[in-house]
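Q: Residue numbers (the numbering used here), protein chains in the order written: chain C, 1 to 133; chain X, 1 to 387.
Treat the hints as calculated values from the structure; they're not laboratory data.
No residue lacks a Cβ here, since even glycine has one placed at the ideal position from N, Cα and C.
Treat the hints with care, as some may be off.
A few chain C residues that face chain X, going by a derived Cβ cut-off under 8 Å, partial list only [stated by the list, open to error]:
1) Phe7
2) Val14
3) Asn16
4) Cys36
5) Ala39
6) Trp57
7) Ser61
8) Asn63
9) Arg74
10) Val90
11) Met93
12) Asn95
13) Val99
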Amino acid sequence: MSAARVFTSPVTNVENQPFWDGAAAGKLLIKHCGACGQAHFYPRALCPHCFSADTQWRESSGNGSLYSFSVMRRVPQPYAIAYITLDEGVTVMSNIVDVDFDTLAIGQRVKVSFRGSDGACTIPVFVPADGPA
Amino acid sequence: MGTKATAFIAGAFEHPTRKADDKSLAQLHAEVAKGALEDAGLCKDDVDGYFCDTEAPGLGPLSMVDYLGLKVRYMDNTDTGGSAYLLHVAHAAQAIAQGKCNVALITLAGRPRAAGLTAEPVVDYSIPDMPFEQPYSPTVVNTYGMCAMRHMHEFGTTSEQLAWIKVAASHHAQHNPNAMLRKVVTVEEVLASPMISDPLHRLDCCVVSDGGGALVVVSPAVAKTLKRRSVGILGAGEAAKHQHGGHVDLSYSAAAWAGAQAFDQAGVRPADIQYASIYDSFTITVLMQLEDLGFCAKGQGGRFVADGGLISGVGKLAFNTDGGGLCNNHPGNRGGMTKVIEAVRQLRGEAHPAVQVKDCQLALASGMGGWMGSRHGSGVLILEGSN
Numbered sequence: 001m002s003a004a005r006v007f008t009s010p011v012t013n014v015e016n017q018p019f020w021d022g023a024a025a026g027k028l029l030i031k032h033c034g035a036c037g038q039a040h041f042y043p044r045a046l047c048p049h050c051f052s053a054d055t056q057w058r059e060s061s062g063n064g065s066l067y068s069f070s071v072m073r074r075v076p077q078p079y080a081i082a083y084i085t086l087d088e089g090v091t092v093m094s095n096i097v098d099v100d101f102d103t104l105a106i107g108q109r110v111k112v113s114f115r116g117s118d119g120a121c122t123i124p125v126f127v128p129a130d131g132p133a
Numbered sequence: 001m002g003t004k005a006t007a008f009i010a011g012a013f014e015h016p017t018r019k020a021d022d023k024s025l026a027q028l029h030a031e032v033a034k035g036a037l038e039d040a041g042l043c044k045d046d047v048d049g050y051f052c053d054t055e056a057p058g059l060g061p062l063s064m065v066d067y068l069g070l071k072v073r074y075m076d077n078t079d080t081g082g083s084a085y086l087l088h089v090a091h092a093a094q095a096i097a098q099g100k101c102n103v104a105l106i107t108l109a110g111r112p113r114a115a116g117l118t119a120e121p122v123v124d125y126s127i128p129d130m131p132f133e134q135p136y137s138p139t140v141v142n143t144y145g146m147c148a149m150r151h152m153h154e155f156g157t158t159s160e161q162l163a164w165i166k167v168a169a170s171h172h173a174q175h176n177p178n179a180m181l182r183k184v185v186t187v188e189e190v191l192a193s194p195m196i197s198d199p200l201h202r203l204d205c206c207v208v209s210d211g212g213g214a215l216v217v218v219s220p221a222v223a224k225t226l227k228r229r230s231v232g233i234l235g236a237g238e239a240a241k242h243q244h245g246g247h248v249d250l251s252y253s254a255a256a257w258a259g260a261q262a263f264d265q266a267g268v269r270p271a272d273i274q275y276a277s278i279y280d281s282f283t284i285t286v287l288m289q290l291e292d293l294g295f296c297a298k299g300q301g302g303r304f305v306a307d308g309g310l311i312s313g314v315g316k317l318a319f320n321t322d323g324g325g326l327c328n329n330h331p332g333n334r335g336g337m338t339k340v341i342e343a344v345r346q347l348r349g350e351a352h353p354a355v356q357v358k359d360c361q362l363a364l365a366s367g368m369g370g371w372m373g374s375r376h377g378s379g380v381l382i383l384e385g386s387n
């Protein structure tokens, strides 16, 4: 089982602050475009698909599947970088935590969880769907 | 020169150093500039265009233009990471075709070993993607690792097949006295090297080296006055690929788009290419570019490279005959310059005799900058020998 990771808190800005406020409240927020109807990630003020400014925050189910991953081995504390394709259709970069890295497999179901950081932000991460949060 | 090329590479120089404790960064730029101009048979005062990346010291190209004592009427510091120098060659050819300059100098230098630096960027949270990725510690190696994991999942590519790319590079590097790693390695040795980030082993990764290189791109009129054999720029392409608003697809790279542009402009096909310099930050980088450039079908890269497929004189396509970034040199963590330089050597018939492609007339150079697993820039050149 992977040891608990200490996450570095990012510096936020006025455009992305609602995402981090959501994470602090245990919500994974993604953006939907009122003009073209598509979701996007990472969140922007203007939709990267159609450039409309009519973008709204929506809460993701937090459920998805593992698109790809790589376990960094040659560091004091190994960790798994990953892309997760959320059920809403967008793929996000994250870490898979609290898991035996040797059991990870592309396609496996995962769910969002939240962890503290060394600063102000709460960090969304993912864990196996059939395990504890 | 019965060619449709409108610009020529007339000078090329690779710095022999691999650890530059005794040289400053600006000094390395000057030494490679001097080397490439002497190779072309030109002098500093002939230069009227200058190109560098954003890691050259100073604001854009200004401090280097000052330090080198240049007077220029064209400048460009386009930076797409390690592929930047292929874009510089393409942009220089465009500027020359428009009459904006006649002699373009392109320099690259770096000394990460001497300075004790890694290839990782400085964390800057004004970069819009940074807050959404940096907490998860993406690195160069683990983002390319995700590409390799996905390729294995979708196409059945194996670590043994990836290892053959390193094996081929090592077969070539044994003939290069300047190469950092000259020992021929086997597939078994690659697989036995430590796992860095799944599925990439230490020997799937390029070297870290100091050094640099330079190119001189000239107009047809200037090329005609020179004694040295110049190389025609027949086609060029560039493209950026990213996460497309969350529609991540790691199965292909921007080389698919840049390569198509270059082949279209040159009017040739992948089967016509006799030698290819393929950016080799990692073994997977090579495999995906070979597919994306059309040397084989998507998903067939593993079969293409296996069993010595890339070894000069042995395989289907001679690649990186200097040993590439995997064995020779990856100056400043930016391997695009040396990709162009070795293609020029091949087209001049000046590669090491053990790896020289016979009657090499048509070559391709492909660069891959940034992070293939998140956002990257591709530059592709198709180059022609001249008599």
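Q: Evaluate each hint against the coordinates.
A: Taking the hints in turn, this is what the structure says about them:
1. Phe7: Holds, because the Cβ-Cβ distance from C:Phe7 to chain X comes to roughly 5 Å (cut-off 8 Å).
2. Val14: This hint is violated: C:Val14 lies away from chain X, its Cβ roughly 12 Å from the closest one there, beyond 8 Å.
3. Asn16: 6 Å, holds
4. Cys36: 10 Å, violated
5. Ala39: 7 Å, holds
6. Trp57: 14 Å, violated
7. Ser61: 15 Å, violated
8. Asn63: 15 Å, violated
9. Arg74: Interface hint status for C:Arg74: holds (5 Å vs cutoff 8 Å).
10. Val90: 3 Å, holds
11. Met93: Nearest chain X Cβ about 5 Å off; hint holds.
12. Asn95: Constraint on C:Asn95 satisfied, holds at 5 Å.
13. Val99: Violated - the Cβ of C:Val99 stays beyond 8 Å from chain X, reaching only about 14 Å at its closest.
Checked against the numbered hints given earlier, the structure breaks hints 2, 4, 6, 7, 8, 13 and satisfies all the rest.
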